[in-house]
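There are 2 protein chains.
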Amino acid sequence: MTHKINHIAIVVPNLNEALGFWRDALALDLERTEENPGENVNIAFMEVGGTHIELLEPTDSNSGIGKYMEKRGPGLHHICLEVDDIEATMQRLRDHHIELINEAPKTRSEDGVRYAFVHPRSTFGVLVELYELPH
Amino acid sequence: MTHKINHIAIVVPNLNEALGFWRDALALDLERTEENPGENVNIAFMEVGGTHIELLEPTDSNSGIGKYMEKRGPGLHHICLEVDDIEATMQRLRDHHIELINEAPKTRSEDGVRYAFVHPRSTFGVLVELYELPH
Numbered sequence: 000m001t002h003k004i005n006h007i008a009i010v011v012p013n014l015n016e017a018l019g020f021w022r023d024a025l026a027l028d029l030e031r032t033e034e035n036p037g038e039n040v041n042i043a044f045m046e047v048g049g050t051h052i053e054l055l056e057p058t059d060s061n062s063g064i065g066k067y068m069e070k071r072g073p074g075l076h077h078i079c080l081e082v083d084d085i086e087a088t089m090q091r092l093r094d095h096h097i098e099l100i101n102e103a104p105k106t107r108s109e110d111g112v113r114y115a116f117v118h119p120r121s122t123f124g125v126l127v128e129l130y131e132l133p134h
Numbered sequence: 000m001t002h003k004i005n006h007i008a009i010v011v012p013n014l015n016e017a018l019g020f021w022r023d024a025l026a027l028d029l030e031r032t033e034e035n036p037g038e039n040v041n042i043a044f045m046e047v048g049g050t051h052i053e054l055l056e057p058t059d060s061n062s063g064i065g066k067y068m069e070k071r072g073p074g075l076h077h078i079c080l081e082v083d084d085i086e087a088t089m090q091r092l093r094d095h096h097i098e099l100i101n102e103a104p105k106t107r108s109e110d111g112v113r114y115a116f117v118h119p120r121s122t123f124g125v126l127v128e129l130y131e132l133p134h
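In order, the protein sequences belong to chains A and B.
Just so you know, numbering that gives the first Met the number 0 puts 19 at position 20 of the first sequence, and the rest follows in order with no gaps.
Just so you know, numbering that gives the first Met the number 0 puts 59 at position 60 of the second sequence, and the rest follows in order with no gaps.
One chain only, chain A, in its complex shape (with noise of 0.2 Å):
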């Protein structure tokens, strides 16, 4: 069962900039910022709704996020679902035979988050996550 959107990915060439538009014009609420050194990543998280909106800004042009910004230039990157049980969705996806990127969920050791990624070659492009929160 898939309930929600738990977020919303956007790269970003400078995260300062990048909330000139979402939090200053838009006027979204900014919940953090978080520097991942382990991917490369500055994040920005806002919130509306009940979905997130995390803005990525690569820190360095030979990590993933910062390969794809070369090749793909700024702008969404992944979509984020929320399943209340990680496997059964992916056990589910592979009958229906759907590249996965992670054959096995992985676990997130900050706040125990277990996570997928879909291959795109599977989903006609979109980058899909799909998240099973601790119970």
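No lab work stands behind these hints, which were simulated from the structure alone.
Because the structure is a prediction, the values reported are computed rather than measured.
One or more of the hints may lead you astray.
Intra- or inter-copy, both count: the list cannot distinguish identical chains.
Straight line, CA to CA, 35 Å or less: simulated DSBU-like cross-link-like pairs of lysine-lysine [to be verified]:
1) Lys66 to Lys105
2) Lys70 to Lys3
3) Lys105 to Lys3
4) Lys3 to Lys66
Knowing the structure of chain A, use the given hints to seat chain B on it.
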């Protein structure tokens, strides 16, 4: 005041094949499909947690969406934010030097929704639509 994400629009080469992922594999609820010959698209509407996912299949490669797909490929196309007062939001954006595609809101005849697009030049590549629902 921006209070929710109304929809996320995704360009797909073929509606039925894309529904194989979104409806069949992911088990999202298909609300309806619609032919829109004016915009040269067929559309499938799904719902997840109060936000709609709209799949847009261009029916003419010379239309706006058709040209987009030729140039950028299929994938995430735009996000639409619901606002209370679209004219106030547009004025606020102008005050922050944000470029709008539509200088005044348009009104959709079927349901009275007022809408306008923000230019992706001002948002680092994200096409943002604003919706004001009828009060």
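(message) Reference check for the pair Lys105 and Lys3, CA-CA at most 35 Å: within, between, both, or neither?
(response) So Lys105 and Lys3 pass the 35 Å test inside a copy (20 Å) and across (29 Å) alike.
(message) Cα distance capped at 35 Å. Does Lys70 pair with Lys3 within a copy, between copies, both, or neither?
(response) This pair counts as both: shortest intra-copy Cα distance 30 Å, inter-copy 31 Å.
(message) Regarding Lys3 and Lys66, is the shortest C-alpha distance of 35 Å or less found within a copy, between copies, in both, or in neither?
(response) Both ways: Lys3 and Lys66 sit 29 Å apart in one copy and 31 Å across, limit 35 Å.
(request) Measure nothing new, just compare the shortest in-copy and cross-copy C-alpha distances for Lys66 and Lys105 to 35 Å and report within, between, both or neither. (result) For Lys66 and Lys105, only the intra-copy Cα distance (22 Å) is at most 35 Å; the inter-copy one is 38 Å.
No hint from the list above goes unmet by this structure.
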